[in-house]
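J.: So the protein sequences, as listed, match chains A and B. Residue numbers for the first sequence follow UniProt numbering, beginning at 1 and rising by one. Residue numbers for the second sequence follow UniProt numbering, beginning at 1 and rising by one.
These are calculated hints, taken from the structure and not from any lab test. A couple of the hints might just be wrong.
Listed next, the in silico BS3-like pairs over lysine-lysine satisfying Cα-Cα at most 25 Å (straight line) [unchecked claim]:
#  : chain 1 : residue 1 : chain 2 : residue 2
1  : A       : 576       : A       : 508
2  : A       : 179       : A       : 237
3  : B       : 332       : A       : 179
4  : B       : 508       : A       : 332
5  : B       : 226       : A       : 226
6  : B       : 179       : A       : 332
7  : A       : 332       : B       : 226
8  : B       : 332       : A       : 508
9  : B       : 237       : B       : 69
10 : A       : 58        : B       : 69
11 : A       : 576       : B       : 576
12 : B       : 332       : A       : 69
13 : B       : 576       : B       : 466
14 : B       : 226       : B       : 179
15 : A       : 179       : A       : 226
16 : A       : 466       : A       : 508
17 : A       : 237       : A       : 69
18 : B       : 179       : B       : 237
Protein chains: 2
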Amino acid sequence: MSSYSAPLRDIRFTLFDLLDVESSFARLGFDEAGRDLVDPMLDEAARFAGTVLAPLNKAGDEHGVRYDKDSGSVTTAPGFAEAYRQFTEGGWSGLSAPAEFGGMGLPHVVGMPLEEMINSANLAWGNFPLLSHGAANALQHHGEDWQREVFLGKLVTGEWTGTMCLTEPHCGTDLGLLKTRAEPAADGAYSITGTKIFITAGEHDLTPNIVHLVLARLPDAPAGSKGISLFVVPKFKVGRDGAVGERNAVRCGAVEHKMGIHGSATCVMNFDGAQGWLVGQPHRGLMAMFTMMNTARLGVGLQGLGLAERALQNALRYARERLQSRSLSGPKYPDRPADPIIVQPDVRRMLLTCKALVEGGRALGYHAGLQVDLAAHAGSEEERRQADDLLGFLTPIVKGCLTEWGVECTYHALQCFGGHGYIAEHGMEQLARDARITTLYEGTTGIQALDLMGRKTMQLQGAGLKVFLGMVQAFCEQQAGNAALAEFVGPLAEKAREWQGLTMAIAKRAAGDPEEIGAAAHDYLFYSGYMVLAYWWARSVAAAEASSQPQAFRDAKRETARFYFARILPRTLAHKAAIETGPAPLLALDEAAFDA
Amino acid sequence: MSSYSAPLRDIRFTLFDLLDVESSFARLGFDEAGRDLVDPMLDEAARFAGTVLAPLNKAGDEHGVRYDKDSGSVTTAPGFAEAYRQFTEGGWSGLSAPAEFGGMGLPHVVGMPLEEMINSANLAWGNFPLLSHGAANALQHHGEDWQREVFLGKLVTGEWTGTMCLTEPHCGTDLGLLKTRAEPAADGAYSITGTKIFITAGEHDLTPNIVHLVLARLPDAPAGSKGISLFVVPKFKVGRDGAVGERNAVRCGAVEHKMGIHGSATCVMNFDGAQGWLVGQPHRGLMAMFTMMNTARLGVGLQGLGLAERALQNALRYARERLQSRSLSGPKYPDRPADPIIVQPDVRRMLLTCKALVEGGRALGYHAGLQVDLAAHAGSEEERRQADDLLGFLTPIVKGCLTEWGVECTYHALQCFGGHGYIAEHGMEQLARDARITTLYEGTTGIQALDLMGRKTMQLQGAGLKVFLGMVQAFCEQQAGNAALAEFVGPLAEKAREWQGLTMAIAKRAAGDPEEIGAAAHDYLFYSGYMVLAYWWARSVAAAEASSQPQAFRDAKRETARFYFARILPRTLAHKAAIETGPAPLLALDEAAFDA
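Looking at chain A on its own, in the form it has when it is part of the complex (with noise of 0.2 Å):
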């Protein structure tokens, strides 16, 4: 089985030198989230998720979820319930979440080391969580005076947990196509009927209820997606005034068999007239959907750089134990049958591939967490405004490029194994399949693309790209006569102005074009997150230089930086050639000829 420690020093390098999270908290009014609570706080997350969730990863990939047909409840795997009522009990749902609905009240940001935790311990059992955070944001910001007093508080400190029932059989992207219907009933009620899949945690024994936040059409709702409203629909029904009542018509149907993520409840949902309430205005539920939508794709970011940090750990322990060939260059340990396979420059590349985009992608992913808590507190208008043109402009990022380098770390981990890598017993190939579900779920990476291209890029005019360019542009100015960084810097600015370009050579097309925005998509995506991680790993080197870390981290930052730069960053050079060929190549052959 794989391994896990948490990596408590870069996480804090992460928070403290690199984002000087300190400074954002005073100025947003955390007054508490000082490192005196902070640092304490992530000895025991690493405690939790190395103690308790890791040890359970193995057990919930063997075991899965058992299904019983005749009461459609669902078991889950042994030591997940006891593990979520330790989670619960050590306060560590409710970590972010406002202390007037029970939470903890810290800055989001300080959320996404616990969660990073969780996801490399155990991805399995932290999607009962997960979606928890979704369902309060919604009720949060869109819910009525008493849905908040009746779940809000129960969701934040996990006594219940939360879904978001949005998929259909025959729609998941395309959500305009849902047929799930809401029916009028009496004291205001509606009565839900329809069939969800791929709904996680639908259905499970960690709590005594499930509050299912479900998206269905009114009688009178217009096609597509602005007829879509949404509902809170307890397991349980729940009373205005909190008390819980009668079983609910809502019934687990089936469980999926999945390629990973055994361990985690993917359900088949059925409503037959459910009890459920109506969340904010009709037909407006799409919107309500997208604050749910938004916090679950951080999650998600999160989970692809969880698994990749826990693939690198093992693939480095591996990589220095197993001896095998001598080094090209000649034996590197003579009095050794053979050089650890860490010589090889093979090996290392893969090692170092790993380690450049968990560590660059941690920046990024806590930068924006960072966003959240800016764009909720921070102090003017004009610079909430800016983190949540930047925070949007991110998400993307986050969703869909942590998760495909998440996919392509648990690969070149497992590879460092060579066949013992394919071998269950070794846990590399268990991370690889949980993975894969993470460019999946939450929206596709195409679906990720197209919110970035489409969306942040053309309808919102790069809004959040000119933030994160000026960001650059600020660095590049401040670091201008350090030579120390000028390997670094010049080919930052550079290729920044590339970016630039490029995105404005694109919007000019699309103008002609709508398809350039499709045919461009994918590539632009990746391009965009190899040049936010060079902008991650310059500040780096900067910030490890400035920093009390030890010396050996600090030649670690400037040496994955390089590496980086070297062999990443070129990557950016067929996206490029790839996005200037435009559409044709894409849309040339016609449908029925793919298989003439």
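Assemble chain B onto chain A, guided by the hints.
T.: Only chain B this time, still in chain A's reference frame:
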């Protein structure tokens, strides 16, 4: 479950239009291997793969192999044994084996479509007959007369299967470390003792005997890879007269639990003083092993191809059926509730990537297979040597690239299904899990890269590359006046010069620093793979235009070639840039500082 129908049109196009194998067969003396024989054989192979093997694929995944600890026996999935009986009765086993040993005496390249179809239909099943070819090859070229008489015929007809027992727990890549001992016994036999792992088809219930080819050390063996000898060790002892005797002291100790190919028996084999016979010269076993290995490497390359083909077929079907959202340039099917996702540029990007890699990869793989025939049967020594050089150059590309592209294509194809791709019932995730082994066994991708860069390019001074570049040059000159090919021939000629220059630059730097080889190897492998495919795509357009294939097929070749040059070939930019940064970014970081 995923479906499969053999792509007979493209297989025939590749064999007859593109490679013009009939001309080669006539020159090589394969008088009977005309189209009148091969065409119906392909039909029958397609029927066998599609109707006998393909339906067992999912059952093999679900059932796996059952190991009985008490008897050490292995039971294969339901239907596997019956399918194997049909396979041998149909004469498929010895298709391209010499007639003097009971084979059909057809060219090696004719067996490649059969292998591809088997791999598409049921990779796990295909692993049972797969290594018999290598075992037979080793005995044919290195065995004594009586060994050939006793074992070879049985392997050729498939009455018995063969294995390659190389890997031990502490050594896979570095066979010089192996510990299995061979001690002289009575009658010129040897007593073999040791443990081998990852032995494909090491034990099963398909045939009454199994012929293990085992690497072991003689008592006087020098240390390292020059002290390894090859032995033939049957499961049931066989006398020099061919009489089958008692059970030999070789026993399956366990079967591995793996990420995929569950239906394939991956065995721990314990040799406890088993009777074995020396094959070839003492201490020269590694050379004999390479005879097996090279055959197996081409075979594993075709595994990647086969899985990619099946994945593409299913993704294409799904992309045509799945209705979701509208084209960005307006509804393409206004009469339907949404457009099929195949109208989306990003879905087409994934499908076309698969199509370009599969069809280009088929040309690459079959062309390499043709070199096996030319190297053995061409009229002049010069021609045989050229074919052998080319085969040596192409083998790591076939193994390395076709398997990595197999992983990539099964990835894209699963992604086309969205969340449904992750669910077992659609069969896409099985293809992805099965594909993952191909980059690991028979030498990881890193080993293929070192073989190409270190041995085939540096040590052999690029002899095979020169032959290939000669083909490219001849084709470009031949097509120089063809305006319809200019869009491909121009870039191909230019990139070929770049390839040559890049190779020479690496060689020059490697003379001063051997680490250059390991640092360049991975990127050079893929740079070369994409260049080889660029050649085949340009030639495919030319061959399609000159053929009597339907217009839609010819259009598809041209548009896919355009896609390839626009969207795939630019990957070489990133590989070239990475190579040019040399070893420093890979080697500078201290081993201990990776997780400082």
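J.: Taking only the CA atoms, is the gap from residue 576 of chain A to residue 508 of chain A under or equal to 25 Å?
T.: Roughly 16 Å between the alpha carbons, so the hint for residue 576 of chain A and residue 508 of chain A holds.
J.: Tell me if the straight-line CA distance from residue 179 of chain A to residue 226 of chain A falls inside 25 Å.
T.: Roughly 13 Å between the alpha carbons, so the hint for residue 179 of chain A and residue 226 of chain A holds.
J.: Regarding the pair residue 466 of chain A and residue 508 of chain A, is the alpha-carbon distance no greater than 25 Å?
T.: holds, 17 Å
J.: With a cut-off of 25 Å on the C-alpha distance, tell me whether residue 332 of chain A and residue 226 of chain B pass.
T.: holds, 21 Å
J.: So if I understand the rule, the pair passes when the alpha-carbon distance is 25 Å or less; does residue 58 of chain A with residue 69 of chain B pass?
T.: Answer holds: residue 58 of chain A to residue 69 of chain B is near 24 Å, not above 25 Å.
J.: Given the hint that residue 226 of chain B pairs with residue 226 of chain A, does the C-alpha gap stay at or below 25 Å?
T.: violated, 74 Å
J.: Assess, step by step, whether the Cα of residue 226 of chain B is no farther than 25 Å from the Cα of residue 179 of chain B, and give holds or violated.
T.: holds, 13 Å
J.: Within a Cα-Cα threshold of 25 Å, do residue 237 of chain A and residue 69 of chain A meet the stated pairing?
T.: holds, 22 Å
J.: Starting from residue 576 of chain B, check that the Cα of residue 466 of chain B is at most 25 Å away, please.
T.: OK: residue 576 of chain B and residue 466 of chain B at ~19 Å, within 25 Å.
J.: Checking one constraint from the list: CA of residue 179 of chain B to CA of residue 332 of chain A, max 25 Å. Satisfied?
T.: Since the Cα atoms of residue 179 of chain B and residue 332 of chain A sit roughly 23 Å apart, the hinted pair holds (cutoff 25 Å).
J.: Between residue 237 of chain B and residue 69 of chain B, does the CA-CA distance stay at or below 25 Å?
T.: Measuring from Cα to Cα gives roughly 22 Å; hence the hint holds.
J.: Holds or violated: are the alpha carbons of residue 332 of chain B and residue 508 of chain A at most 25 Å from each other?
T.: holds, 24 Å
Hint compliance for this structure: hints 5, 12 are not met, and every other hint is.
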